[in-house]
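Dock chain B against chain A, hints included.
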Amino acid sequence: EVQLVESGGGLVKPGSSLKLSCVASGFTFSSYGMHWIRQAPKKGLEWIALIYYDSSNKYYADSVKGRFTISRDNSKNTLYLEMNSLRSEDTAMYYCAKGHYSSYVMDAWGQGASVTVSS
Amino acid sequence: DIQMTQSPASLSASLGETVSIECLASEDIYSNLAWYQQKPGKSPQLLIYYASSLQDGVPSRFSGSESGTQYSLEINSLQPEDEGDYFCQQSYKFPLTFGSGTKLEIK
Chain A
85 EVQLVESGGG LVKPGSSLKL SCVASGFTFS SYGMHWIRQA PKKGLEWIAL IYYDSSNKYY
145 ADSVKGRFTI SRDNSKNTLY LEMNSLRSED TAMYYCAKGH YSSYVMDAWG QGASVTVSS
Chain B
-10 DIQMTQSPAS LSASLGETVS IECLASEDIY SNLAWYQQKP GKSPQLLIYY ASSLQDGVPS
50 RFSGSESGTQ YSLEINSLQP EDEGDYFCQQ SYKFPLTFGS GTKLEIK
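Protein sequence lines, in the order shown, are assigned to chains A and B.
Residues in the first sequence are numbered consecutively from 85, following my numbering.
Residues in the second sequence are numbered consecutively from -10, following my numbering.
Just chain B, same shape as in the assembly:
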């Protein structure tokens, strides 16, 4: 199975700041990487697919990038509604696998 190592496990940032979350794939997944946001008590929502394609309706302050097997989610100009958990997921090979998640707190 493809392992997705996500970091950091948690982070705290202030309104207006920029943060970055990373996922390292255990093998090449050829940009088949998605990011999800899960707000407290809610189900996850797709933010980005194919490493950098923004899902319809997602604010442009969210962006994704890649470098080899390392994938990053960047959130610019943090807003209060950005607080929640973030997960990466590889969609290259079955079984589909998720990262362990990053809890983002807005100070």
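With the rest of the complex left out, here is chain A:
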């Protein structure tokens, strides 16, 4: 069974940094692209970033480009999202998700990590 467990969320002040982790199990992590998606309170879904299985390619939403960095450690089955220069509008539940084998869709999601940016 695929499991994705996020951690590292919390309450931070505007302008600060935070790093989320997502530990994967139940599948061959090193063979799949991985995504981060966020959902602001009572709002819809916003795709943030994708990293290829071998880290050869990374894609970002314009809203986080230059501030957030997606990375992975295949030896640890772990996905990361480093978030810098956080803003109040970054407040959201952050989900990691496993990429589908043949499409840029997300076929398994974690339970989410809550990030609140507030002074």
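Please note that the accuracy of each hint is not assured.
A short, non-exhaustive set of chain A residues, derived as facing chain B with CB atoms under 7 Å [to be verified]:
#1 G128
#2 L129
#3 V189
Computed cross-link-like contacts, DMTMM-like style, restricted to lysine to aspartate or glutamate with a CA-CA straight-line distance of at most 25 Å [unchecked claim]:
#4 A:K142 with A:E166
#5 B:K82 with A:D146
#6 B:K31 with A:D191
#7 B:K28 with A:E130
#8 A:K142 with B:E16
#9 A:K142 with B:D(-10)
#10 B:K28 with A:E85
#11 A:K127 with B:D(-10)
#12 A:K127 with B:E11
#13 B:K82 with A:E166
#14 B:K31 with A:E85
#15 A:K127 with B:E72
#16 A:K127 with B:E94
#17 A:K126 with B:D74
#18 B:K31 with A:E130
#19 B:K92 with A:D191
No lab work stands behind these hints: they were computed from the structure.
All residues carry an ideal CB built from backbone N, CA and C; glycine is no exception.
Just chain B now, with coordinates in the frame of chain A:
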């Protein structure tokens, strides 16, 4: 960016009924469309990809179709567990974008 216009924003239907949710893409996405279900307090789950391919484990009462840049999710024989939010997502071009969601209430 590709805009996904989803409708309706909410709907209410009775057990056993059939409902349809639509997503209109702002440009051709060549069937690269997925549907997700998000139950209250839970993370989203993939229902359909490539417009009409059913994800493993998803009941066959869920189906997807397309007509040009208009995509539809149909749910037949509504069950209580179908209550939740539904989102479409285009997977054709970066940035990947979602529709605004449809809240489905089972009466």
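Query - Ascending list of hint numbers which this structure does not respect - result: none
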